[in-house]
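Undergrad: As a plain string of letters, each chain reads:
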Amino acid sequence: MTEKEPYIIHARDLRKKFGSFTAVDGISFHLVPGECLGLLGPNGAGKTSTIRMVYGFSPMTSGHLDLFGLDMNTNWRQIKSRIGVCQQENNLDPDLSVLQNLEVFARYFNIARKEIRDRSIQLLKFIALENRKDDKVTSLSGGMMRRLVLARALINNPELLVMDEPTSGLDPQARHQVWERLELLQENGLSILLTTHYMDEASRLCERLIIMDHGKVLVEGRPDDLVRSYAGEHVVEIVNPGREVKELVDAHDFVHDTLDHRMIIYGRETDGLFDLIGDKFCRQGCIKRLATLEDVFLRLTGRELRE
Amino acid sequence: MNGMLQIANISWRFIRVWNRNMLVYRRIWFVNLLVPLFEPLLYLAAFGVGLSALVGRVQYHGEEISYIVFIAPALLAITMMYNSFFENTYASFVRMYYQKTFDAMLATPLSMEDIIAGEIAWGATKSVIATTIVLAVVSFFRLVYYPHALLILPLSFLGGLAFGTIGMIFTGLVPSIEMFNLPIFLFITPMFLFSGTFFPISALPGWAQTLSSALPLTHLVNLCRAFCLGEITPDLTWSIAYITIMFVLLFPIALMVMRKKLIN
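Residue numbers (my numbering), protein chains in the order written: chain A, 1 to 307; chain B, 308 to 571.
A couple of the hints might just be wrong.
[To be verified] Straight-line alpha carbon distances no greater than 27 angstroms define the calculated DSSO-like cross-link-like pairs of lysine-lysine that follow:
| id | chain 1 | residue 1 | chain 2 | residue 2 |
| --- | --- | --- | --- | --- |
| 1 | B | Lys567 | A | Lys17 |
| 2 | A | Lys17 | B | Lys568 |
| 3 | B | Lys407 | A | Lys136 |
| 4 | B | Lys407 | A | Lys133 |
| 5 | A | Lys125 | A | Lys114 |
| 6 | A | Lys136 | A | Lys114 |
| 7 | A | Lys125 | A | Lys136 |
| 8 | B | Lys567 | A | Lys288 |
| 9 | B | Lys407 | A | Lys125 |
To be clear, the hints were calculated from the coordinates, so they are not data collected in a lab.
Just chain A, same shape as in the assembly (with noise of 0.2 angstroms):
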């Protein structure tokens, strides 16, 4: 990357169709070094589609991708050289060892012979999984294989990592230890891309978020920024609203969502939505609430199941 190269990533009006299924519907985006991004979307929202023809898995049909200034189309090699990718399924080699995945894998990259294992042992010390070095993957447990796979994609010392779905499937303890981790990295100026559906990995993770749907870029921006121009900063959630409840929210031309069996009102900083609702309106089947991105999330990609 020269010096004057400003983004990590730049896709410019990025599209992916399959047949006629139009996957990624021309988004933009770009990733600065040093940065988090985060794609966010409900399944079939075209995350995954998205994050693999940046790590040069999938052809993209029309657009533009560079990645440290260079041209997918054409540089793909030199690129896929630089990059660290976790893919969504573990496709850890289970006919290797722990250690003998990480040494195939750099030797794909043509990292030199014996630079191998100093670094593969030095990556197994940061997954803290240098005891099982010997044994078979398949013995690993689900948060094992995830950071296994994390040190896997840092073989090559790369300059950005791109995670599909990071955590998902594994349990809280689990999914902290990846966190740290990923964090550390970040402090060492890695460039992380990643998709997820958990929104407190997004908002603990990324700087700045991309939340898409239908193959679109619905909105971007940082987390508390879109926590506050999407869902303001209290919440109060109403089970089975009675007329009073609806008459002030009107009154007041609050913001709001009327479901089901259930109200949620949406309020700011200054318009002091949790005494006006009060103990009158709040008292059994009521949550006062900070605003969260999951509010930001489900507002704009609404809540009707996807599958």
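We have chain A; now place chain B onto it with these hints.
TA: The following block gives chain B in isolation, referenced to the frame of chain A:
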């Protein structure tokens, strides 16, 4: 993408895929070597000893040879076909579909074409390893003529490339692993029986002889038999050319069907 253009995506890195398979092979080398060591013994016992008593001697190229000498080269040719074909069908399919090994490789600087080239080169290598062992076994029984029989070894690589490529095309085409039964039934088993393996093709009716001489295994058996008997004749060039051309023509097709399968 056109298969010929895809060849440009092959780099020396394909050897890394070969390395990976070799490493796994060496982990259970003992079991891997046992089969090519004992299988020819079974064949030699059943056909060479058992059937030989009924058949007696066989007329081949105007010469009379013992039945066991007749079938020994066929065992070598069949070993080449089986080892490469099965490696690049069942074993490659397992790596591709069940283990997602190819998906992981595709996130590295390896191209899809490097992976397939490495897999086919590995299938051919397995053919060489197994053929070497079978050759040692039949040599032990003094059934082959040296030094000509050493030509069997480079031939086992070429034959392995050709049959591995055919296997890889089926791997790119079949929707599930059970479907390999079909090409085996339609293609491998008829060749095993009718390629001049266990009886000379001159015993077949004329139309069947023509059909048989179009089968790649027939050419491999011809070559093996010539090398084992020490009868190198100019017409063997045709058989070499046949197998080489088949590989050269089918390899881009294997790349094409695998790209269709893997890249979307």
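Undergrad: List, from low to high, the hint numbers that the structure doesn't satisfy.
TA: Violated hint (a single one): 8; every other hint is consistent with the structure.
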